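Chains A and B, in that order, are what the protein sequence lines are. In this text, residue positions in the first sequence follow the working numbering: the first is 472, and each later residue adds one. In this text, residue positions in the second sequence follow the working numbering: the first is 472, and each later residue adds one.
These are calculated hints, taken from the structure and not from any lab test. The model shown is predicted, which means the values in this text are computed figures rather than measured ones. Among the clues, some could well be false.
The list treats identical chains as interchangeable, and a pair is accepted whether it falls inside one copy or across any two copies.
Computed cross-link-like contacts, SDA-like style, restricted to lysine to any residue with a CA-CA straight-line distance of at most 20 Å [claimed, not checked]:
#1 Lys729 <-> Gly689
#2 Lys1016 <-> Gln718
#3 Lys959 <-> Ile1051
#4 Lys797 <-> Gly693
#5 Lys1066 <-> Arg792
#6 Lys797 <-> Ala1067
#7 Lys474 <-> Ala888
#8 Lys497 <-> Pro653
#9 Lys797 <-> Pro692
#10 Lys535 <-> Gly795
#11 Lys797 <-> Met975
#12 Lys705 <-> Asp656
#13 Lys1046 <-> Arg550
#14 Lys533 <-> Cys891
#15 Lys959 <-> Asp1057
#16 Lys954 <-> Thr943
#17 Lys1016 <-> Gln573
#18 Lys1046 <-> Ser1056
#19 Lys1066 <-> Glu791
#20 Lys517 <-> Arg480
#21 Lys954 <-> Val800
#22 Lys1066 <-> Phe1028
#23 Lys617 <-> Lys854
There are 2 protein chains.
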Amino acid sequence: MAKQYMSMRNLRFLLNEVFKVEELTKQPIYQDHSKETFDMMLDTAKQISDTLLHPIYEEMDKNKPELGDNIIHVHPQVRAIMKEFGDGGWIAAPEDYEHGGQKMPAVIYNSCNFIFHSANTAAASYPGLTTGAADLILTYGSDELKDAYLSKMYAGEWQGTMALTEPHAGSSLGDITTSAEPQEDGTYLIKGQKIFISAGDHDGVENVIHLMLAKIPGGPPGTKGISLFVVPKKRIENGELVPNDLQTAGFEAKMGMKGCPIAHLIMGDKGDCKGWLVGEPHNGIRYMFQMMNGARLSVGMMSTGLASAAYYASLEYAHERPQGRKVNVRDMTTSPSLIIEYADVKRMLLFQKSIVEGCLSFVTQCAYYADMIKASEGEEREKYQLLLDLLTPIAKSYPAEMSVQSTSAGVQVLGGAGYCADFPLQQFFRDTRINPIYEGTTGIQAMDLLGRKVPAKMGKSLMLYAAEINETIGQAKANDAIKPYAEKLEAVLQKFSETTMKLMGLAQSQDPEVFLADASLYLETAGIMSIAWQWLKQAVVVQEKLADTPQGEELNFYQGKMAALKYFYNYELPKTRGLIERLNSDDRLTLELDKAYLV
Amino acid sequence: MAKQYMSMRNLRFLLNEVFKVEELTKQPIYQDHSKETFDMMLDTAKQISDTLLHPIYEEMDKNKPELGDNIIHVHPQVRAIMKEFGDGGWIAAPEDYEHGGQKMPAVIYNSCNFIFHSANTAAASYPGLTTGAADLILTYGSDELKDAYLSKMYAGEWQGTMALTEPHAGSSLGDITTSAEPQEDGTYLIKGQKIFISAGDHDGVENVIHLMLAKIPGGPPGTKGISLFVVPKKRIENGELVPNDLQTAGFEAKMGMKGCPIAHLIMGDKGDCKGWLVGEPHNGIRYMFQMMNGARLSVGMMSTGLASAAYYASLEYAHERPQGRKVNVRDMTTSPSLIIEYADVKRMLLFQKSIVEGCLSFVTQCAYYADMIKASEGEEREKYQLLLDLLTPIAKSYPAEMSVQSTSAGVQVLGGAGYCADFPLQQFFRDTRINPIYEGTTGIQAMDLLGRKVPAKMGKSLMLYAAEINETIGQAKANDAIKPYAEKLEAVLQKFSETTMKLMGLAQSQDPEVFLADASLYLETAGIMSIAWQWLKQAVVVQEKLADTPQGEELNFYQGKMAALKYFYNYELPKTRGLIERLNSDDRLTLELDKAYLV
Chain A
472 MAKQYMSMRN LRFLLNEVFK VEELTKQPIY QDHSKETFDM MLDTAKQISD
522 TLLHPIYEEM DKNKPELGDN IIHVHPQVRA IMKEFGDGGW IAAPEDYEHG
572 GQKMPAVIYN SCNFIFHSAN TAAASYPGLT TGAADLILTY GSDELKDAYL
622 SKMYAGEWQG TMALTEPHAG SSLGDITTSA EPQEDGTYLI KGQKIFISAG
672 DHDGVENVIH LMLAKIPGGP PGTKGISLFV VPKKRIENGE LVPNDLQTAG
722 FEAKMGMKGC PIAHLIMGDK GDCKGWLVGE PHNGIRYMFQ MMNGARLSVG
772 MMSTGLASAA YYASLEYAHE RPQGRKVNVR DMTTSPSLII EYADVKRMLL
822 FQKSIVEGCL SFVTQCAYYA DMIKASEGEE REKYQLLLDL LTPIAKSYPA
872 EMSVQSTSAG VQVLGGAGYC ADFPLQQFFR DTRINPIYEG TTGIQAMDLL
922 GRKVPAKMGK SLMLYAAEIN ETIGQAKAND AIKPYAEKLE AVLQKFSETT
972 MKLMGLAQSQ DPEVFLADAS LYLETAGIMS IAWQWLKQAV VVQEKLADTP
1022 QGEELNFYQG KMAALKYFYN YELPKTRGLI ERLNSDDRLT LELDKAYLV
Chain B
472 MAKQYMSMRN LRFLLNEVFK VEELTKQPIY QDHSKETFDM MLDTAKQISD
522 TLLHPIYEEM DKNKPELGDN IIHVHPQVRA IMKEFGDGGW IAAPEDYEHG
572 GQKMPAVIYN SCNFIFHSAN TAAASYPGLT TGAADLILTY GSDELKDAYL
622 SKMYAGEWQG TMALTEPHAG SSLGDITTSA EPQEDGTYLI KGQKIFISAG
672 DHDGVENVIH LMLAKIPGGP PGTKGISLFV VPKKRIENGE LVPNDLQTAG
722 FEAKMGMKGC PIAHLIMGDK GDCKGWLVGE PHNGIRYMFQ MMNGARLSVG
772 MMSTGLASAA YYASLEYAHE RPQGRKVNVR DMTTSPSLII EYADVKRMLL
822 FQKSIVEGCL SFVTQCAYYA DMIKASEGEE REKYQLLLDL LTPIAKSYPA
872 EMSVQSTSAG VQVLGGAGYC ADFPLQQFFR DTRINPIYEG TTGIQAMDLL
922 GRKVPAKMGK SLMLYAAEIN ETIGQAKAND AIKPYAEKLE AVLQKFSETT
972 MKLMGLAQSQ DPEVFLADAS LYLETAGIMS IAWQWLKQAV VVQEKLADTP
1022 QGEELNFYQG KMAALKYFYN YELPKTRGLI ERLNSDDRLT LELDKAYLV
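Next comes chain A alone, as it looks inside the complex (with noise of 0.2 Å):
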């Protein structure tokens, strides 16, 4: 198990020296927080990742879940990392005083999950998804709801879940069957299968409450008939928990996660599944969807936490590991350098360390907007929410697709080694294989980029967003030293906006199908802009931490910046050269090629 696999420094650098998160205790909705506080959470977070979830992360793995009699049975320390979190505060920390939470800022939650999830993302699932379904009950449930429901979640003692996926319904929501007859009591009965639950059932709680999309007969076709249901595993009847009717069918094997397993749900099978309706009818996908964007961010943040872990362990390799000699060195009679002596091992690392640096960077630039949302007003609320709303696909689907090379980047440090269940390189490479499909696939997330938030309001998103970059530009163009590296993002969002005139010219001249078609290839392209942007603005802040001519260790944290900020404009920024040529070609060759062709 390698020592290493997050860097408190840079998570301090990043909330401090770039995002002056202490700043945001300015604004009164944050106003009981101070520098102290955030750093004491920032700690505690550490330590409980330390002690209890990184210790288990590669045991979590080798002994998988099993299914006994209607309950999964997890690794018997999740019953502990659930009742830490409980008691700990963790899971309503986000909330407000009233509900038990201590209304800690997006950023700062978003970076203790990052330390969770890059020391044991499997572990870690389990009170994130609680969360996010409690959320869903504090924001649109009703007081009994709330009542029933809350203190118990918050508590740990009993596990959330969001139940959208049915085995014919994955991306496309409008077509789930999953049924709710409304009763005569005001609940309804639930009927219909569920599959792919993240934590839909497991022996480390008393009960599993199921934030469900389900369709009341009658209602209107697609999305906009479904509706938001709260379907325990068991309900509450006399004050006693009995059985719900909610069968656990088993679990899916998969290749990685496999600490928190996967359900497949039977709801009603004996008619007596009851379910109590969320809010409004038909308006499940409106309620899910905000949650859905906060899950999407947290993809981007696990993403880059599994980034994180294998760049250390690989980092930790490259340190120790004596192999060959450099091309230079002619007797072989010398002993064999530290494959970290070498060029192109080197620029795996930075490759590395460059993705996980530059996403954890913007995935904490969103969640400092959705803090600014919170704590802002009229156009400026307005402001950050479109930045929010446009960045969100991105941050998820760019940590996703890069932790995917960035851990592959990891074992092959590694080398044969790295394929091996010796080290943990192999399971961040397999883990983190399901972030470019959680919460919508790369392709979804795309769509929606380019589909929807671009063209929304005008485009008014992005150029809020192209002011945000340029901002930081100018400041960047004020320091020499990193001046040819704000020419550079300049050209590339000047590229940027280029196509994305071009594409939206399409959309109003031609099919929708005809701008969208290469809507991964655009989606890419903003990624690596919008973290070329991310390091830019880490750089502006590191060359006036230079000008104070730190020393040692400080020294080296800050150089190595200035690497990964030059690795990144030198071998990532590059690559939207070949995406921009293909953007603009009028080529219609996926939109015009006959199926019967792919053979």
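Based on the hints, put chain B in the right spot on chain A.
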């Protein structure tokens, strides 16, 4: 289990229409063959794959090998597979008649192995490794060694292995410490350890014959002091097999290729492990590398096989899976579309198809050069040898790296189902991740290409290669339908040549580390260009065929070829732009990076 794992139609297209392998039978050494014998070999390979290999591909992954009493118990069918491959003459197939071989040309042998590996790469590894090991004995061994080992190995009764890697020496063979002490009887006492030995021990055979690298004490340091030995698990004494003090300490658990264990061997623990020298002392690396070159081409072929199986599995799913509706469909009461109707899914399928058929064509090209080396003399022979030497690191690495991405695209087509064990996609993805590591990592191949193959003989190899590409470009320019692609490739070849000149200039004026720093990017660029060449070469033939107005499935086949060509030129070839930009940069980031900055 997906029904199709490779396309016989495509294989025949490459062999008969593009490479016109029947022409080979005009060469004296292949004169006993005919199109009919080739077809029979291919059909037999397909039939064995359908009945013996493919049905247990997933089973061999799920029922992992187990270590018994100094022997690894593998899937019970491995014995039947070794017997079938022995009885059918597959293990000896490429060898001369007098050794029980069939003088099978490399293009055919490689094609048959492509069928085997796309059906079940773990299973196909057992006989394949035996061929490689036996070939070393045949080529360099004494008559006594040939008599003692070959017939049993060719019969599939004894397994052959390549035993190179040691715990402290993977990529750096010069540092191995396994020793071979000469004895009075002409044998050597072997002492040491080997790890990662594929099929290094198992109960599907009576004996395991290791072609092992070791050092005779007193020899020169580094690779020049390495000799090659036959070290059997059981040695022959008085016509009996007796233990040779070669213990199986265990095997590594790994994330894929689980059906073929990699053994950890301990030789000479009791001072009684005998080895027999192959060829001359201190020539082991030269001998081994001749076989390694063949093995590197095999990795390219195996990678392509896994990409093929993933392509057809995801294609089958895309043809059958209804999900969602196209963006221009507003009526949610209509039936869902098959996912193959979506542009983004078609893009992912075309990506896979272009990789599978492009890489198979390139590996076949290399095998064709190998055949022409055997069939020609003098300058012509030198030409083919230089071409094969130059292209071998590319043919190993590009398919290996792209197979990871291509199988990942296959996973993505299925979404959550792709991540689950009910479908084989996750297994293809796990299995193929070893290929960029096998037989020298991508970084090692890159150093071989740019540091050795390109500068050799004053760049003659690359000039010959450019002539080959230009010949295809010339043919393609004669046809208006594909002329634009010829021009695109010509432009990339021009840029690639200029970049090479610049790097060779650096090689002469600066420390060798400088021009080699981004060798991996050079290799990637060469890979993209090489596959683009093969697509253009195929397209020249496709255009001839389309002129004959084929109908039905034949028309679909050729139109599919054109679509994949267009995909590769529109989406993959533009990636060379960013790569070439970086390769021409004077920034020395990775060379100048202080490792202390990597924090």
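Taking the hints in turn, this is what the structure says about them:
Taking the shortest alpha-carbon separations for lysine 729 and glycine 689, neither the intra-copy value of 39 Å nor the inter-copy value of 52 Å comes in at or below 20 Å. Taking the shortest Cα distances, lysine 1016 and glutamine 718 never come within 20 Å of each other, neither inside one copy (58 Å) nor across copies (58 Å). Proximity of lysine 959 to isoleucine 1051 under the C-alpha cut-off of 20 Å is found in both arrangements, the shortest distances being 15 Å within a copy and 17 Å between copies. In this assembly of identical chains, the alpha carbons of lysine 797 and glycine 693 lie at most 20 Å apart only when taken from different copies (14 Å versus 62 Å within one copy).
Taking identical chains as interchangeable, the C-alpha atoms of lysine 1066 and arginine 792 lie at most 20 Å apart only when they sit on different chains, with a minimum of 14 Å there against 50 Å within one chain. Taking the closest pair of Cα atoms, lysine 797 and alanine 1067 come within 20 Å of each other only across two copies (18 Å); inside a single copy the shortest separation is 52 Å, beyond that limit. For a Cα distance limit of 20 Å, the shortest separation of lysine 474 from alanine 888 inside one copy, 17 Å, qualifies, whereas the shortest one across copies, 34 Å, does not. Neither within a single protomer nor between protomers do lysine 497 and proline 653 lie at most 20 Å apart by alpha-carbon distance, with minima of 48 Å and 81 Å respectively.
In this assembly of identical chains, the alpha carbons of lysine 797 and proline 692 lie at most 20 Å apart only when taken from different copies (16 Å versus 66 Å within one copy). For the homomeric pair lysine 535 and glycine 795, neither the shortest alpha-carbon distance inside one copy (38 Å) nor that between copies (33 Å) is at most 20 Å. For a Cα distance limit of 20 Å, the shortest separation of lysine 797 from methionine 975 across copies, 19 Å, qualifies, whereas the shortest one inside one copy, 52 Å, does not. In the homo-oligomer, the alpha carbons of lysine 705 and aspartate 656 lie at most 20 Å apart inside one protomer (18 Å), although the nearest pairing across protomers, at 79 Å, exceeds that limit.
Taking the shortest Cα distances, lysine 1046 and arginine 550 never come within 20 Å of each other, neither inside one copy (46 Å) nor across copies (49 Å). Proximity of lysine 533 to cysteine 891 under the C-alpha cut-off of 20 Å is found in both arrangements, the shortest distances being 13 Å within a copy and 16 Å between copies. Only between protomers do lysine 959 and aspartate 1057 lie at most 20 Å apart by alpha-carbon distance; the minimum there is 16 Å, versus 26 Å within a single protomer. Proximity of lysine 954 to threonine 943 under the C-alpha cut-off of 20 Å is restricted to the intra-copy arrangement: shortest distance 11 Å within a copy versus 45 Å between copies.
Proximity of lysine 1016 and glutamine 573 under a CA criterion of 20 Å is satisfied in neither setting, with 33 Å inside one chain copy and 71 Å between copies. Taking the shortest alpha-carbon separations for lysine 1046 and serine 1056, both the intra-copy value of 16 Å and the inter-copy value of 14 Å come in at or below 20 Å. Taking CA atoms no more than 20 Å apart as the test, lysine 1066 paired with glutamate 791 passes between copies only; the shortest distance there is 12 Å, against 52 Å inside one copy. Taking the shortest Cα distances, lysine 517 and arginine 480 sit within 20 Å of each other inside one copy (12 Å), while across copies they are farther apart (57 Å).
For the homomeric pair lysine 954 and valine 800, neither the shortest alpha-carbon distance inside one copy (37 Å) nor that between copies (48 Å) is at most 20 Å. For the homomeric pair lysine 1066 and phenylalanine 1028, the shortest alpha-carbon distance between copies (11 Å) is at most 20 Å, but the shortest distance inside one copy (52 Å) is not. Proximity of lysine 617 to lysine 854 under the C-alpha cut-off of 20 Å is found in neither arrangement, the shortest distances being 32 Å within a copy and 79 Å between copies.
Taken one by one, the earlier hints fail for this structure at numbers 1, 2, 8, 10, 13, 17, 21 and 23, listed in ascending order.
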